[in-house]
Amino acid sequence: MMNLLSAGFFRLWRSKSFWVSLAVMAIVGAIEPLFGYAAMAELAANGSMDASVSLDSRYIIFPFLSGILSSAFCALFVGAGHSDGGIRSKLAAGHRRAVVYLSELILCVTAGALLCLGYIAAVLATGIPLLGPMRTPLLTVLWYTLCAVIMTTAITALFTTISILCHNKAVAAVACIFLAYFLLFLGIFLNARLAEPEFYPAHQSIEDGQIVTVEARPNPGYIRGMKRAVYQFLFDLPGCQAVQLSVTMTTGVPPRLPLWSLASMTMFAGLGVALFRKKDLK
Amino acid sequence: MEYVLTTQSLSKHYKDFKALDALTMHVPKGSIYGFVGRNGAGKTTLIRLICGLQYPTSGTYALYGVDSAQKDIAKVRRRMGAVVETPSIYLDLTAQDNLKEQFRVLGLPSDDGIPELLKLVGLGDTGKKKARNFSLGMKQRLGIAVALAGSPDLLVLDEPVNGLDPQGIIEIRELILKLNRERRITVLISSHILDELSKLATHYGFIDSGRIVKELSARELEAACRKCLRVEVTDIRVLARILDGMGIDYKILSDGQADVFAQLNISQLSRALDAEGCELLSAQERDESLESYFVNLVGGGSHD
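As they're listed, the protein sequences go chains E and Z.
With our numbering, the residue at position 235 of the first sequence is 235, and numbering never jumps.
With our numbering, the residue at position 191 of the second sequence is 191, and numbering never jumps.
Bear in mind the hints are in silico, worked out from the structure with no lab data behind them.
Footprint (simulated), chain E over chain Z, 3 or more residues, beta carbon under 8 angstroms:
#: 1; stretch: 48-54
#: 2; stretch: 85-98
Capping the alpha-carbon separation at 30 angstroms, the derived lysine-lysine pairs in DSSO-like fashion look like this:
#: 3; chain 1: Z; residue 1: Lys130; chain 2: E; residue 2: Lys282
#: 4; chain 1: Z; residue 1: Lys71; chain 2: Z; residue 2: Lys15
#: 5; chain 1: Z; residue 1: Lys75; chain 2: Z; residue 2: Lys100
#: 6; chain 1: Z; residue 1: Lys75; chain 2: Z; residue 2: Lys119
#: 7; chain 1: E; residue 1: Lys16; chain 2: Z; residue 2: Lys130
#: 8; chain 1: E; residue 1: Lys279; chain 2: E; residue 2: Lys16
#: 9; chain 1: E; residue 1: Lys279; chain 2: E; residue 2: Lys169
#: 10; chain 1: E; residue 1: Lys282; chain 2: Z; residue 2: Lys18
#: 11; chain 1: E; residue 1: Lys282; chain 2: Z; residue 2: Lys129
#: 12; chain 1: Z; residue 1: Lys214; chain 2: Z; residue 2: Lys251
#: 13; chain 1: Z; residue 1: Lys128; chain 2: E; residue 2: Lys169
#: 14; chain 1: Z; residue 1: Lys129; chain 2: E; residue 2: Lys169
#: 15; chain 1: Z; residue 1: Lys199; chain 2: Z; residue 2: Lys227
#: 16; chain 1: Z; residue 1: Lys15; chain 2: E; residue 2: Lys169
#: 17; chain 1: E; residue 1: Lys282; chain 2: Z; residue 2: Lys100
#: 18; chain 1: E; residue 1: Lys282; chain 2: Z; residue 2: Lys71
#: 19; chain 1: Z; residue 1: Lys199; chain 2: E; residue 2: Lys282
#: 20; chain 1: E; residue 1: Lys169; chain 2: E; residue 2: Lys16
#: 21; chain 1: Z; residue 1: Lys29; chain 2: Z; residue 2: Lys18
#: 22; chain 1: Z; residue 1: Lys75; chain 2: E; residue 2: Lys278
#: 23; chain 1: Z; residue 1: Lys75; chain 2: E; residue 2: Lys279
#: 24; chain 1: E; residue 1: Lys278; chain 2: Z; residue 2: Lys18
#: 25; chain 1: E; residue 1: Lys279; chain 2: Z; residue 2: Lys71
#: 26; chain 1: Z; residue 1: Lys15; chain 2: E; residue 2: Lys278
#: 27; chain 1: Z; residue 1: Lys100; chain 2: E; residue 2: Lys16
#: 28; chain 1: Z; residue 1: Lys214; chain 2: Z; residue 2: Lys15
#: 29; chain 1: Z; residue 1: Lys18; chain 2: E; residue 2: Lys169
Okay, the calculated bits of chain Z under chain E, using three or more residues with CB under 8 angstroms as the criterion:
#: 30; stretch: 67-81
#: 31; stretch: 104-113
Please read all numbers here as calculations on a predicted model, not as lab measurements.
Each residue gets a CB set at the ideal place from its N, CA and C atoms; glycine is no exception.
Isolated chain E, as found in the complex:
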């Protein structure tokens, strides 16, 4: 395993797809506070009472971005192992399939975590001078960061599994990127559906000079029972979870989310090893 990791990191530091992904994360991280600063300047120019824009809202973005970039990175990095014959070479050199798979997983997961760190370093480097420190307590931010990195590593494990089981680099890339976007949009959809109130609250309005009282009434769009449980289950999965993380950052991310991520990562790894061991390679 150590030999494969040593070889893998040697290749990772020379991987164009890794450095491009990291550069994108860092550039977006550096630009986000600039947009925030521009918005703040505009509010101040318009004489707004609260012309401050927080760094927090710029910080929370990275799980969305890291999911999409890690999908492309995994497909290209692991796909090159297939197309350039690296995986073949490792097996022919006598390494066991499970070890080859796990070494690729560790490399991709590490790369995914480094992508997150690239964004965090850049957003803090430009954000603190421009927008000031974050308003959310430090421990809450650190907890959010840990949960977001764990989610990124979990989704990276999924993309690694797809990439190592699919010989065709282009097909793997399309599948991973499509899946990353699908999970993201599914998360947005699920968030909207689950956030629906159970009841429309009672309220009063004036119609034709008369005060009209409207009683509280159930929301027909509210999701109940098994359907809600399924929606919540999907919402907790890595990928969809990015939306939930951003929503709960200031209040504190529920501990079940990183636990789900770790469980998913273990499941993807187990599934990947089992399928890769049986796969006929070309």
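Based on the hints, put chain Z in the right spot on chain E.
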């Protein structure tokens, strides 16, 4: 004879298609074993199996006496280097970095052997050029260098000269011969370019439809393909006596047929036979090449 690779009724089926059908072969130690067969005969499938890329449907193989069912087979594979179909090289790395990566895969303690290895395959001066920009021949040679990184005793090359220009073919041929002669590396080389193979191989295995149809040494093949005169007579014993008297090498094929390995004066032979009451019925010159031997062996049917 000591064998580095043997297979025993090795089969690989893809659904209903039998890529290998109870294949049995023997690769002698120190040989250059030419694995000959047309496209789709099962050459690459066998190589994939012995490299551990695929699993046999049935049957076994043994590398250096270790059976494929044993756990130690993975360890023994470290004594083998392989280039399967395309060379296993990362196109976005230089030749040196490709070898550095492979040295790490193999857990070799130092990179000291890399310059020598690059020099051996004629890539000592490629510098920072990425493998992506290499010619096909250079890529193939780098693939061989990667396969040689672990100082293997057995080198498996799958169609190594496919698509190469004449100069590239000569370079690969000389490299293989050098590795075999100077480093005593056994080479299993699959090809359907028979003319090229005939310049290298010390042993041959002919494969057709997933089965070995013939295994023989280059010397046996040479004898089989030797230029000769096939004569048909009424009494083979008389012919044998006369040829023995003339000190001529021959091989009796049947009661009335023999191959004579010499330039003969037909009139003289005919008179000598006639004097002993034997008739010369026909005489036909035969000169079989590896190509015609192969075609005779596997038939001239259409490719799958």
